[in-house]
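In case you want the letters, here they are:
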Amino acid sequence: MKRLCALALLLFSLGVNAQAIKIGELNSYKVFPAFLEPYRKGMELALEEINRAGGVNGRKLELVSRDDGGNPGDAVRVAEELISRENVALLTGTFASNVGLAVSNLAAQRKIVFIAAEPLTDKIVWENGNRYTFRLRASTYMQTAMLIPEAVKLKKVRWAIVYPNYEYGQSATASFKKLLAKAQPGVQFVAEQAPPLGKIDAGAVVQALIDAKPDAIFSSLFAADLQKFVREGNLRGLFKTTVVFNLLGGEPEYLDPLKEETPEGWWVTGYPWSEIKTPAHQKFLDAYRRKWNDYPRLGSVVGYAAIYSAANAIRKAGSTDTEKLVAALMGLEMDTPFGPIVYRAHDHQSTMGAYVGQLAARGGKGTMVNWRFADGANFLPPFDEVRALRKE
Amino acid sequence: MSYTSVLIQFLNGLASASSLFLVAAGLSLIFGVTRIVNFAHGSLYMLGMYLAVWLAERVGFWGAVPLAALIVAVAGSAAEIAVLRRIYNAPELLQLLATFALLLVFKDATLWAWGPEDLLGPRAPGFTGAVEIAGAAFPQYDLLLIALGPLVLVFLQLILSRTRWGILVRAATQDREMASALGVNQRRLFTGVFALGALLAGLGGALEIPREPANLAVDLSVISDAFVVVVVGGLGSIPGAFLAALLIAEIKAFCIGLGLSKATLVMEFLVMAVVLVARPWGLLGRIPAQARGSGAADQPLAPPSPRLLRIFAVLAAVLALIPIASGGYTLVLLTDMLIFALFAASLHFIMGPGGLYSFGHAAYFGLGAYAAGILFLQHKLPMELALALAPIAAGIGALVFGWFCVRLSGVYSAMLTLAFAQIAWSVAFQWDALTGGSNGLVGIWPAPWLASKTSFYLLTLLVCGLGIAFLWRAIHSPFGYALRASRDSPLRADAIGIDVRATQWAAFAIAGLAAGVSGALYAFSKGSISPDAMGIQRSVDGLVMVMLGGIHTLSGPVWGAALFTWLQDAAARNIDYWRAVVGVVILGLVVAVPQGLGALVQGRR
Chain A
397 MKRLCALALL LFSLGVNAQA IKIGELNSYK VFPAFLEPYR KGMELALEEI
447 NRAGGVNGRK LELVSRDDGG NPGDAVRVAE ELISRENVAL LTGTFASNVG
497 LAVSNLAAQR KIVFIAAEPL TDKIVWENGN RYTFRLRAST YMQTAMLIPE
547 AVKLKKVRWA IVYPNYEYGQ SATASFKKLL AKAQPGVQFV AEQAPPLGKI
597 DAGAVVQALI DAKPDAIFSS LFAADLQKFV REGNLRGLFK TTVVFNLLGG
647 EPEYLDPLKE ETPEGWWVTG YPWSEIKTPA HQKFLDAYRR KWNDYPRLGS
697 VVGYAAIYSA ANAIRKAGST DTEKLVAALM GLEMDTPFGP IVYRAHDHQS
747 TMGAYVGQLA ARGGKGTMVN WRFADGANFL PPFDEVRALR KE
Chain B
833 MSYTSVLIQF LNGLASASSL FLVAAGLSLI FGVTRIVNFA HGSLYMLGMY
883 LAVWLAERVG FWGAVPLAAL IVAVAGSAAE IAVLRRIYNA PELLQLLATF
933 ALLLVFKDAT LWAWGPEDLL GPRAPGFTGA VEIAGAAFPQ YDLLLIALGP
983 LVLVFLQLIL SRTRWGILVR AATQDREMAS ALGVNQRRLF TGVFALGALL
1033 AGLGGALEIP REPANLAVDL SVISDAFVVV VVGGLGSIPG AFLAALLIAE
1083 IKAFCIGLGL SKATLVMEFL VMAVVLVARP WGLLGRIPAQ ARGSGAADQP
1133 LAPPSPRLLR IFAVLAAVLA LIPIASGGYT LVLLTDMLIF ALFAASLHFI
1183 MGPGGLYSFG HAAYFGLGAY AAGILFLQHK LPMELALALA PIAAGIGALV
1233 FGWFCVRLSG VYSAMLTLAF AQIAWSVAFQ WDALTGGSNG LVGIWPAPWL
1283 ASKTSFYLLT LLVCGLGIAF LWRAIHSPFG YALRASRDSP LRADAIGIDV
1333 RATQWAAFAI AGLAAGVSGA LYAFSKGSIS PDAMGIQRSV DGLVMVMLGG
1383 IHTLSGPVWG AALFTWLQDA AARNIDYWRA VVGVVILGLV VAVPQGLGAL
1433 VQGRR
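One line per chain: the protein sequences are A and B, in this order. Taking the numbering used here, the leading residue of the first sequence gets 397, the next gets one more, and so forth. Taking the numbering used here, the leading residue of the second sequence gets 833, the next gets one more, and so forth.
Hints should not be assumed to be uniformly reliable.
Computed spacing ranges between beta-carbons, pair by pair [stated by the list, open to error]:
(1) A/Gly-661 <-> B/Ser-1284: 56 to 64 angstroms
(2) A/Lys-609 <-> B/Val-1109: 36 to 44 angstroms
(3) A/Phe-779 <-> B/Leu-1266: 53 to 61 angstroms
(4) A/Lys-720 <-> B/Ser-1309: 33 to 41 angstroms
(5) A/Trp-688 <-> B/Leu-1147: 27 to 35 angstroms
(6) A/Tyr-691 <-> B/Ala-945: 15 to 23 angstroms
(7) A/Val-765 <-> B/Asp-1264: 33 to 41 angstroms
Think about it this way: if two alpha-carbon atoms lie no more than 25 angstroms apart in a straight line, the pair counts; the simulated DSS-like pairs of lysine-lysine are [said to hold, decoys possible]:
(8) B/Lys-1285 <-> A/Lys-507
(9) A/Lys-574 <-> B/Lys-1285
(10) A/Lys-418 <-> B/Lys-1094
(11) A/Lys-573 <-> B/Lys-1285
(12) A/Lys-609 <-> B/Lys-1285
(13) A/Lys-507 <-> A/Lys-595
Hints listed in this document are in silico derivations from the structure and should not be mistaken for laboratory results. The beta carbon of each residue, even a glycine, is placed where N, CA and C say it ideally should be.
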């Protein structure tokens, strides 16, 4: 009876508790499921942790998650729904850069905070940056810059480049050429292959690269394109004589399917989840495995940190007022499984880093070796360069 | 390119051609006999891939390939018996809607069964390495594929020329009605052809797994390639499909070899456009026999009854009053519905009364949207002026493309519209300076006095309402009668002095103009525009709306657009596997009301 009373009391107290704070989230769950299913699990873990610890400012957090259909038009409609029907405190999510930019622009129009979780495009914080948009993940530019020190050390002269033909691949290529040419004068770019996203004709591309006789290759392929490229390259001996740098190649989402096909010695950015021993990561890893009975992918970390970013911003602002949230997010310092990050005040980019290392096949599985953590703060251009890009 | 690389790229092209041919051959067979534009063919291919990867772990690769192909054949015939058989007598192209729904269901079923991660299959035992050819390493497995393509071609030719069943298939391909009149059991023939086509798709998918991981995006990318191959080769022609696969694969391989990889984005569509303009029935296709029966069954479109007009007047008034009762998201959703209603009505204008199928109507939607964005952002025109001028760009685009398209007929014409749409799409995708490339243009917002949701909604209601009214009025004007006469009997229309091509061309331009209006409104309602707005998906959405509403009704497409937009929105919001739900609902509607939603409204007249 006593227990029952306690339960009733608890239920009652939950009932009178202030209304939950809603966080609006939208993403292309059906278009990029390999990344976004783990991402959703990461978000739900963060949400559970935050609410178990009593929520934010005495209120529970509620996640209102939507499929954005993978195109900007539908995404904007979904975001409108989150804003006007669900009255969310802020928006987060999105994957592809065109969707991210469209939602970011809507956020500026409707004056609501948008924490872009995954889009990598540099433009979302620079050329098209606005007051209301913040970005969590290390951008294309940052991740490319992280690979430059190793690329320079090798002193290779003839470089070939392969990239998926859209914003991400194009800007990775442009940044890589610019940064490498600056750090290593005299470098030559001997071939460039830009297959359509998801439709690489891998045999022909590999042969064309062999013809160019490069010393090294910079690739920003991922997902199915990467797997096709790796298998054809292995078969045709492209990688015997060349060193390859592959952006995102070490992310479990794209590395795990390679299994015994994993190419040895490639330099990649990624996430060696089984080897990171920092307390912050260990805590996340344990909690994630307990809840989902699965290991985290990079998407899990992004989803997890995105929800914490939202929660911390609301806590720091002490309210859900948009202007206060913007002020809170500028310069917000917080912890993530990858260590502490800061949302930089002048361009709204977080300093979340990435792991840089080499690929190796161990027991029929791909893994990262010789890795180090690259803090995002060290791979951003100087303030005045960024200020010139942002047209505010 | 050195001698070696020319040779290797040629071999690469041959290997790609073989795998392209396998999937295209099945599609061509199915279309030839049943006249079904089978959107789900790529899904059968994808299913073959997943099954093969899954089975390879259990029974080994070489056991997995035939097993996967057989299972896919069973699945394909099951879908044919359960769904398509019920609607062979429905208006043409309705089957397209059903197969589109099947595609949605297959996609979510695959996600549910195998999860989101890409599955890279094993290398084929016995063909795991490479052989040296002219000093370059070339995969053994690709040599096997090179041999396999022609083998399948010969095998199919033998079946078609030497067996009784094959003769029936060819007879039905040439003249379905006559074959039926001579007592050929259509049902069994159709199911058999569907099973064989599905078997080939499954085989193609299964054989591809040593080269490509099983992934959820493969269905759509394969289906568009296969359509192109089938049409370039000539519908129903198996050798033509082989030739077309060879042509396209070789051109792509050499583009890559010559460092022109960016051109591969639309190469197959460029090839298709050139081939269709030069040879209207494809490389080896024949002029199809005059279709009988399908046209005569349609009831002529009657002018809307006074009662229907009253209903629309009341509906417009109710819509205009909605902002009083409800704001916010309802208006956003209604704005989308209205824009797509105009888009669907414009597509219906060319497809229904015009009788010209368009698989690339998104081109004009996109041209209108991009023109609005470019005029507004780069030429700093006021929003009102940009909105008014933008549709002209779409109209001009339709004039140019339409000139070619009205010279073809049936699915060839439809595929040419798709080719032009894809070419326009790729220009938008690659012309960074003008269109913002893959990111598109952002910051296209209405003028301050129209910025609120209510006023933009009312503007959309006014513009779309007028646009739809204009299209409906045009259908019942002398021009509209001439257009319908041209559709129903080009010869007789010509004899009474109607310039058939000029009439259809003008209709094409009007439809493009109206689609451009909806595109421009869309750009300002979203604040941004990117290449997706003129991609294949948008064109398919338009077709779905028209077919759902009923192609032979006047108001159907408007209902179809409203229902489809609402359904997607509601399903995506509440259900994880929302695509499957949308697919099942469409399937249910197709079977229950094959004449479309518009028939329900008309039926009560």
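Do the hints match the structure? See the list:
{"no.": "1", "hint": "A/Gly-661 <-> B/Ser-1284: 56 to 64 angstroms", "result": "holds, 59 angstroms"}
{"no.": "2", "hint": "A/Lys-609 <-> B/Val-1109: 36 to 44 angstroms", "result": "holds, 40 angstroms"}
{"no.": "3", "hint": "A/Phe-779 <-> B/Leu-1266: 53 to 61 angstroms", "result": "violated, 32 angstroms"}
{"no.": "4", "hint": "A/Lys-720 <-> B/Ser-1309: 33 to 41 angstroms", "result": "violated, 59 angstroms"}
{"no.": "5", "hint": "A/Trp-688 <-> B/Leu-1147: 27 to 35 angstroms", "result": "violated, 49 angstroms"}
{"no.": "6", "hint": "A/Tyr-691 <-> B/Ala-945: 15 to 23 angstroms", "result": "holds, 22 angstroms"}
{"no.": "7", "hint": "A/Val-765 <-> B/Asp-1264: 33 to 41 angstroms", "result": "holds, 38 angstroms"}
{"no.": "8", "hint": "B/Lys-1285 <-> A/Lys-507", "result": "holds, 15 angstroms"}
{"no.": "9", "hint": "A/Lys-574 <-> B/Lys-1285", "result": "violated, 44 angstroms"}
{"no.": "10", "hint": "A/Lys-418 <-> B/Lys-1094", "result": "violated, 44 angstroms"}
{"no.": "11", "hint": "A/Lys-573 <-> B/Lys-1285", "result": "violated, 45 angstroms"}
{"no.": "12", "hint": "A/Lys-609 <-> B/Lys-1285", "result": "violated, 58 angstroms"}
{"no.": "13", "hint": "A/Lys-507 <-> A/Lys-595", "result": "violated, 38 angstroms"}
The structure fails to meet hints 3, 4, 5, 9, 10, 11, 12 and 13 from the earlier list, while all remaining hints are met.
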